[in-house]
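Spelled out from the first residue to the last, the chains are:
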Amino acid sequence: MAPKKKIVLEIITPKKTVFKEEVNVLEAPAVDGLIGILPRHAPLITALKTGVIRAVMDDKERFISISEGIMDVKPDQVNIVARTAELSENIDLDRAKEAKERAEERLRESSAKIDHARAEGAMERAIARIKAADKHSSQYY
Amino acid sequence: METIRDIKRRISSVKNTKKITRAMKMVAAAKLQNSQKKARNAKPFFNRTRRILSDVYKFSQQKDDHPLLHKSDGDHNLLLIISSDRGLCGAYNAKIIEEAQRFLKENPNTEIYALGSNARNYLKRRGHVFIKEYEQIDDYPGFYFAYQLSEEIIEIFKGKKFKQVNVIYTHFKSAISQKVKNITLLPIDADEIDYELQEKGEDVSEEHVDYIFEPSVKKILDLILPKYVSNTIYSVLLESKASEFGSRMTAMDAATENANEMIDDLTLSYNRARQASITKEITEIVGGAEALK
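Protein chains in written order, with the numbering used here: chain A, 1 to 141; chain B, 1 to 293.
Hints were generated in silico from the structure; no laboratory data involved. Heads up, some of the hints might be wrong.
[Stated by the list, open to error] Selected chain B positions facing chain A (in silico; Cβ < 10 Å): (1) Lys38; (2) Asn41; (3) Thr49; (4) Val217.
Ideal Cβ placement from N, Cα and C applies to all residues, glycine included.
Please model the complete structure; the sequences and the hints are all you need to start from.
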């Protein structure tokens, strides 16, 4: 059998290139629902929302939490630009949980003058990070 | 004439100044390195965003109706000026102000959006109109700050008062060479981006790629155009900061050099004065001894 086709997945943030590896399949949170990308996918440009990217490789799965970005799909290559991205193994779960609680609190006391959109954004990011970290740990322990 | 004590006092004061300028030079050099590293790390992100934007623009049909791609009907200009908060960085701010004044002369209907207090103070004294001022810009500006700025500016631009938004910043070539530039931030000229990519030797997709756009071209443009603006702001902030540090480093290096020269000169005249006073004393003693004979 010919070697399996693969996709080069690259995730870039303003700080650095977070991820660049060959993957077999990937799953990304597009604005209108989760989409899966297999090799030789038709060219596609889509907006991503805050969430978790699942990358399936030969022997393992990787999870990366991202905040909203854009995905550019080409048959053998997927480029994602996002404002922030974190590999699940680098996520500090306690901190993420704290951030989520903080955001919840802020949303609850909505009487005070708070930036609602910002608090909601923080909440979404925290949830995405917790999800990514959870998936990571359930896989290994 | 200066007495020996005066000269001595001056030497020690110049020595103190030298210590300060040398320390400032070293601090600037360290900060410059950090800034450069940050700018390097952000490069792939800029290039990728540009690539995607240029692809969206080229391969989509209904591209021409986005407000950020066109001059609005307003008759005012908005000018974003990035200068430093602190001085002692050579001609850094003077050059920015010079460029700003040239622009303001050509476009009298300009309102200013100022980052950094130096250019702001100067232009304010000359009665120019400001719509927003920022001071105390972080030495390593974060992406989030640039993002907030871009949101504000896009909001202002959408108000249709301004036909165009320009940025004056200092382009960083190397630690010893920086150049003040004036670029157009809005409206975004997508053809220009494509051209620039080609010039940089990036492999621009030549043939037509039949992209699917999810959920729609407009939504993607809504997302990527502001992103492009915040990218541009982020990169000009980084470059300006790097230039400021570079400029300060060279200025402080020259100052240290000058202090050294001054210390040499003063030491020479100090020694001369000391020699003169010793000679005088000896003559006096000899003269006194002679008189006693």
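Holds or violated: the hint that asparagine 41 of chain B contacts chain A, with Cβ atoms closer than 10 Å.
holds (5 Å)
Less than 10 Å between beta-carbons is the criterion; does valine 217 of chain B satisfy it with respect to chain A?
holds (9 Å)
Could you check if threonine 49 of chain B really has its C-beta closer than 10 Å to a C-beta on chain A?
Holds, because the Cβ-Cβ distance from threonine 49 of chain B to chain A comes to roughly 5 Å (cut-off 10 Å).
Would the hint on lysine 38 of chain B be counted as holding, given a Cβ-Cβ threshold of 10 Å to chain A?
Hint holds; lysine 38 of chain B Cβ to chain A Cβ min 8 Å, cut 10 Å.
Checked against the numbered hints given earlier, this structure breaks none of them.
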